[in-house]
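So the chains spell out like this:
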Amino acid sequence: KAGVTQTPRYLIKTRGQQVTLSCSPISGHRSVSWYQQTPGQGLQFLFEYFSETQRNKGNFPGRFSGRQFSNSRSEMNVSTLELGDSALYLCASSLGTNSYNSPLHFGNGTRLTVT
Amino acid sequence: QKEVEQNSGPLSVPEGAIASLNCTYSDRGSQSFFWYRQYSGKSPELIMFIYSNGDKEDGRFTAQLNKASQYVSLLIRDSQPSDSATYLCALLNQAGTALIFGKGTTLSVSS
Chain A
57 KAGVTQTPRY LIKTRGQQVT LSCSPISGHR SVSWYQQTPG QGLQFLFEYF SETQRNKGNF
117 PGRFSGRQFS NSRSEMNVST LELGDSALYL CASSLGTNSY NSPLHFGNGT RLTVT
Chain B
28 QKEVEQNSGP LSVPEGAIAS LNCTYSDRGS QSFFWYRQYS GKSPELIMFI YSNGDKEDGR
88 FTAQLNKASQ YVSLLIRDSQ PSDSATYLCA LLNQAGTALI FGKGTTLSVS S
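Chains as they are written, first to last, in the numbering used here: chain A, 57 to 171; chain B, 28 to 138.
Bear in mind the hints are in silico, worked out from the structure with no lab data behind them. Keep in mind it's a predicted model, so treat the numbers as computed, not measured. Don't take every hint at face value.
Claimed, not checked - Derived DSSO-like pairs: lysine-lysine, alpha-carbon spacing no greater than 27 Å straight-line:
1. Lys-113/A / Lys-130/B
2. Lys-94/B / Lys-83/B
3. Lys-113/A / Lys-83/B
4. Lys-69/A / Lys-94/B
5. Lys-69/A / Lys-113/A
6. Lys-130/B / Lys-94/B
7. Lys-83/B / Lys-130/B
8. Lys-69/B / Lys-83/B
What the hints assert, rightly or not - Label-pair distances were calculated between CB atoms; the ranges are:
9. Gln-121/B / Pro-95/A: 24 to 34 Å
10. Asp-54/B / Thr-109/A: 22 to 32 Å
11. Glu-30/B / Arg-111/A: 11 to 21 Å
12. Gly-114/A / Ser-67/B: 21 to 31 Å
Here a beta-carbon is modelled for each residue, glycine too, at the ideal position from N, C-alpha and C.
Input sequences plus hints: build the corresponding full structure.
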């Protein structure tokens, strides 16, 4: 069974630009979550989608947005990039119906560098 | 107070010893807890989850949960150099829609 796939693996962008990251969940998983990981703040929750609906959003500015498609694939977008957005962005999927019995499985992440 | 707190370490133990990793949390309503392991440059991978008070064992790993004292711990018996990694404690939010992570404890097992 294929794991969670994130593309691209690496991105270098300039301040002010926007970026779109993609995530394909494990087959059959309907929940997709996004996390930002930085050395200073650790893993921080961005948002979670289930069946194309955003169920929860973390404490991030509106420049961070996402969506989920009918095939459960998800994208997240960051507009007007800032230097502080440089981080590893991790996508995770789960069955989403009962989380402690269907834990998160993480992708390999997208490393975003903003210059 | 942070929702999930972990000692950042590094925690250094010799090969074969027991490594004890601890985590405290602030939300008394939290029900489910997870331990993830993250090797340098890799993504987190699930080791165990626990939602009942007491101990849960899986091979060399034992998770312990004490809801009254609001702490979760992970014991690694017979530690191996391959256990050297960052261990992340996480709790499931009450809506069941997000995992809240601690910043992780770095474990170093020396041979």
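Here is what the structure says about each hint:
{"no.": "1", "hint": "Lys-113/A / Lys-130/B", "verdict": "holds, 19 Å"}
{"no.": "2", "hint": "Lys-94/B / Lys-83/B", "verdict": "holds, 14 Å"}
{"no.": "3", "hint": "Lys-113/A / Lys-83/B", "verdict": "violated, 31 Å"}
{"no.": "4", "hint": "Lys-69/A / Lys-94/B", "verdict": "violated, 44 Å"}
{"no.": "5", "hint": "Lys-69/A / Lys-113/A", "verdict": "holds, 24 Å"}
{"no.": "6", "hint": "Lys-130/B / Lys-94/B", "verdict": "holds, 20 Å"}
{"no.": "7", "hint": "Lys-83/B / Lys-130/B", "verdict": "holds, 23 Å"}
{"no.": "8", "hint": "Lys-69/B / Lys-83/B", "verdict": "holds, 26 Å"}
{"no.": "9", "hint": "Gln-121/B / Pro-95/A: 24 to 34 Å", "verdict": "holds, 29 Å"}
{"no.": "10", "hint": "Asp-54/B / Thr-109/A: 22 to 32 Å", "verdict": "holds, 24 Å"}
{"no.": "11", "hint": "Glu-30/B / Arg-111/A: 11 to 21 Å", "verdict": "holds, 19 Å"}
{"no.": "12", "hint": "Gly-114/A / Ser-67/B: 21 to 31 Å", "verdict": "holds, 25 Å"}
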